[in-house]
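Throw the hints in and build the complete structure from the sequences for me.
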Amino acid sequence: MRKNLLFAYSLAIIAFLYLPIAVLILYSFNDSRINATWSGFTLKWYTSLFENDRVLDALTNSLIIAVVTTVVTTILAAFLSLALHRYKFRFKQAFNGLIYLPILIPDILMGLSLLVMFSQLYMPLGKLTIIIAHITFSLSFAVVIITARLAGMGQELEEAAQDLGASSFNTFRYITLPIISPGLIAAALMTFTMSLDDFVISFFVAGPDSTTLPLYIYGMVKRGVSPELNALSTIMILVIVVLIVLAESLAFKGTGNKTTQE
167 MRKNLLFAYS LAIIAFLYLP IAVLILYSFN DSRINATWSG FTLKWYTSLF
217 ENDRVLDALT NSLIIAVVTT VVTTILAAFL SLALHRYKFR FKQAFNGLIY
267 LPILIPDILM GLSLLVMFSQ LYMPLGKLTI IIAHITFSLS FAVVIITARL
317 AGMGQELEEA AQDLGASSFN TFRYITLPII SPGLIAAALM TFTMSLDDFV
367 ISFFVAGPDS TTLPLYIYGM VKRGVSPELN ALSTIMILVI VVLIVLAESL
417 AFKGTGNKTT QE
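Numbering-wise (this note's numbering), the sequence shown opens with residue 167 and increments by one.
Read the hints as simulated data drawn from the structure, not as lab findings. A portion of the hints provided could be inaccurate.
Label pairs and their in silico Cβ distance ranges [claimed, not checked]:
id: 1; residue 1: ILE403; residue 2: TYR340; range: 37 to 43 Å
id: 2; residue 1: LEU192; residue 2: PHE216; range: 18 to 24 Å
id: 3; residue 1: PRO374; residue 2: GLN328; range: 38 to 44 Å
id: 4; residue 1: PRO290; residue 2: PRO186; range: 33 to 39 Å
Since the structure is predicted, the reported quantities are computational estimates derived from the model, not experimental observations. Quick reminder that beta carbons are idealized off the backbone N, C-alpha and C, glycines included.
Below, the structure written as structure tokens:
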């Protein structure tokens with residue numbers, strides 16, 4: 167009896183979380199512009215969506231920002247994770263706390279603080295300020311993923327390579343980098359997803375010519391929910407789900423084999 171109640175409770179929670187998303191996806195194929203009634207299956211809203219120049223501009227801005235953010239964040243997170251993994255120094259625990267702090271800070275506070283900083287530096291709001299903001303909040307998540315990969319690696323292979331005469335660069339190139347590459351890719355995918363999906367922080371630091379897809383969707387919602395909005399949201403949901411699944415699978419790649427061998 168208790169098992170059946172727990173199963174029913176789990177199904178109710180899953181339905182509460184994902185049923186609205188399923189309805190949104192369903193009505194993106196509705197032939198009627200009114201979401202309250204189903205008039206038949208169609209793909210015309212997806213066609214009209216990609217014929218909208220404003221949507222394409224917002225998509226281009228989002229992709230440019232996400233790609234630059236991903237490249238810079240992954241590189242910074244890789245070197246930062248290696249430093250934290252290899253070296254011991256004073257106030258290391260406090261430094262770790264500062265790195266992970268952006269994960270705990272609410273997005274609205276981070277967005278407001280970044281806006282104040284940019285205004286104090288007299289930086290015009292635009293793509294550059296969004297990229298800096300996205301790097302700021304995504305760096306912590308990337309460091310967590312890469313550090314977890316390094317923690318499972320140990321230092322035995324690096325020490326053995328150096329004992330055999332390998333230089334520090336060759337040790338990193340042929341030993342460290344191949345081992346942590348799944349973590350790097352997972353961190354990059356997670357960073358890209360978070361940058362593409364961010365709204366709150368981008369809302370504070372975006373300029374008039376740097377509208378991203380989430381900001382454009384917010385503007386569409388204020389004018390009423392349309393089938394094009396359903397189609398756009400469906401595409402974003404599918405892309406984000408695929409990227410998160412890839413990131414999670416790569417982050418834990420090889421851990422099963424290592425456990426089995428042990």
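Could you tell me which of the numbered hints above are not met by this structure, giving the numbers in increasing order? Of the numbered hints given earlier, the structure breaks just one, which is hint 3.
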